[in-house]
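These protein sequence lines map, in sequence, to chains F and R. Per the numbering used here, the very first residue in the first sequence carries number 18; after that it's consecutive. Per the numbering used here, the very first residue in the second sequence carries number 1072; after that it's consecutive.
A hint or two may mislead.
Going by beta-carbon spacing under 7 Å, a handful of chain R positions derived as facing chain F [as the list claims (entries may be wrong)]:
id, residue
1, K1132
2, S1171
3, I1198
Think of the hints as simulated: they come from the structure by calculation, not from any bench. For each residue, glycine too, the CB sits at the ideal point set by N, CA and C.
Each chain, written out:
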Amino acid sequence: MIRIILYFAFTSLVWADGIDYNAAITVNYGDSYDFYSYTENRFDLNLFYNNVQAWVQYEYSNPPEIGFPINDIRKFRIEYKPLDFTIKLGDIYEFWGRGLVLNQFDDQITNFDNGTRGLFLGYSKGPFTINHINGNTDIWQLGNDLRIPYYKHAHNMYANQVQYELNSLSLGFTQLHSKETHQKIFGEAFVNHKLNGIYASWTGANADLFLEYADKKATEKTNIIENIPHDTLKNGYGIYSNLNIYLGNWGLSTEYKRYAFDRGYSDFTVDDYGNQINFQTMPTLVREQNSTLMGRVTHQYNYNDERGVQFALNGTLPNGYYLLAQYSQLSRNEEWQSVTSINWNGTSVDGYLPSSDPSAIPYWENYQEMNGYHFDDKLYFKLGRGENYEVLGLMRYFEGEGESITENWMYTDSIEWDNGWFYTDSVLGSIDTSNYSIEAKLWQESRSITFPFELSYTFDNGYSVGLNFEYQERKIRNVTRGNATTFNYSDSTWLLVNPENPDTSFIVYDTQFSDGDKQYNTQFNRMISLTLSKASNWSVTLSHDQTNAFEGQRSIDPYYNPLEALVYGDIKYFTGKRDKSNPPGFIQKRWVSVKIDYSLTPSQRISVQYGSIQGGLFCSNGICRIIPPFNDGLNISYTAVF
Amino acid sequence: MKKYVSVLLLLTCILLFGRESRSGRAIPDLKIKLLNGKQTSIHDLLKDGPLLIDFWATWCKPCKKVMKHLDRYHQAYGNHGFKVLMINQDTPRSLGKVKSYIRSQKHTFYVGLDPNQETAKKLNGQIMPTLILVDRDGTIQWRHQGYVPGEEVEIERQIRIALGLDMQSDSPDS
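Okay, chain F solo, but in the shape it has when bound (with noise of 0.2 Å):
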């Protein structure tokens, strides 16, 4: 009933004298064959008199395409600036430094939000800044279901900052403490955190520089009924740093990484806690690609355990061709190596740059580009090229000293009976030992190159046609190396394939994509999109997207849309003779849709998507997640601002 009264009292508000206003409506509405629906309906209303503000976003979901359902206003701030003063009051988003410790923000697209509802308080007076936050978030995770959240983190965290800039100089201090309510798999876990930052940065004519640094402390109460104190949990560092350098039209970007809150050498579950939390959204240092294909084949970057460096070279050629080079590489900061076939050991790895060797999974990607234009900048194109190599995870990987034993006996005392000798006693005369090379490796990699090629001509009467290609070839294989494969408990050793020859290795390459029966060694993957415009009205594009290969099996789906039936002349499908229980094969490996854009009013737009649309990563804002395959459906979307 409050939070009625509370929206009523908001809009009413914008009837008032002296009240500046704005909003924006979001509408989206998906129903496809496969039971993937979602309605979700946004309303934004900020209002501003004099050096007071206010948001609130009321929302009616049911079902949202990812979270929970709601008919509630769903945030709302109300901010104050007295002088120099700012007090805001609802829900908190912050980023300080470059979010090594605090770095808020709401990704609807990924269902991640990690804004604080409470209190904020800030003061701002010439060259300092002094900010205060205080309140509770509540962060969810995705558990087996990809479209409801099961893991729920609720924080009561407070956090300051303290920030002095002169000139080009800034530094910065920052700090966070949160009492955690963890929940996991079986259970919860009650942990607190504190955080401790200090950042600093420099601006010049031709360069500038950023340098971060947080160091994090987690304690874990063990037993909450006996009030028995804290134990120490974790103990973590992050370091981040950005330097830039400028020639005329060119510049060179560099960054390093190096985020130690946790360790392991598979990925970290929600049974490992205690370590980075989600107030810490940090730069990944891998390229945020906006090429479909590209976007698949991301690294799914760990904020606990990974170091790494990234150079970005870009330019502008003389004759306006703007050209850009990147290269990033990272790993986990330890080499692991299974002792056994369950008990893993740790060693850092050497300086301070990523490795490259299996045992610290490693990832690295480049990526090349040219674009320009033409014609009285009425042709454009854009040429790229991207590849990366990553180590998805180990199953094994020892690599060391085996050793042989062989005992010679000799024989002391001997009976003799029925006519023969039969030996009574014998006693240990030597020991032969050989040394040998154990090597025992089991890994899963990933490779993957990419061209994304674009083209687009605009002619004299505000229409203009739109090409876009992208190819891709990628690998996924198990690796199988060394000459043991198991390890035996009872001898403590790794056991070797072939005892009689110690030195006999071998390298076995096992591809996990498939097509029914039938294995292939290399994906690919092709997307095409034609698009038709007119501007400031309508643009109509047709997508399809193509594979050769999954990676796991994949049930028959036998049900396909007519645009693709249309596409691939399936004459069948319109006259009512198809054959539902077996399909034709080309509807297995093709997505086809359309997308009509039309512009209602420059600040209202509505979008109508039809066809199939095919599932997988898909990274925003530093969060990853898994999208099912949208299956014959309609997208409809409408977005107005006002």
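Starting from the known structure of chain F, fit chain R onto it as the hints suggest.
Chain R only, in chain F's frame:
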């Protein structure tokens, strides 16, 4: 039932507020941190003449295409007091590359930083690109969402209306 009530509510809002793109409402005086480290405000940028605000990110393809034209208008109509303010929404993931990109393109317009979308949310500019044209007295004259090639003609027309210029003369594109 609730579903239909919500839909009706939204349709009402569309009818009430959505028809006019020329809103005539005042823009709030928000503080903007510029790429060169300095602070300014929207009203400061309006002192000499109209201001065109656009929201962009380094990974946004249509944003980069429209920037080329906006920079040209910023230079061509600068002597009339017109300015372009490009508010960048790159997150820490790509924030380090913003200045390098602007320098490489020789863009001369003002670039503001809004990494957690605080300004974008206050001006409803979460969709990129979103253009907001504000006249000298702080009144929003025109809003526009998205960009397809060819729309720069309409953008320039709106700028010239805000400047009170003859449509035929002194066009940088002519």
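field: Structure versus earlier hints - violations, ascending order
entry: none
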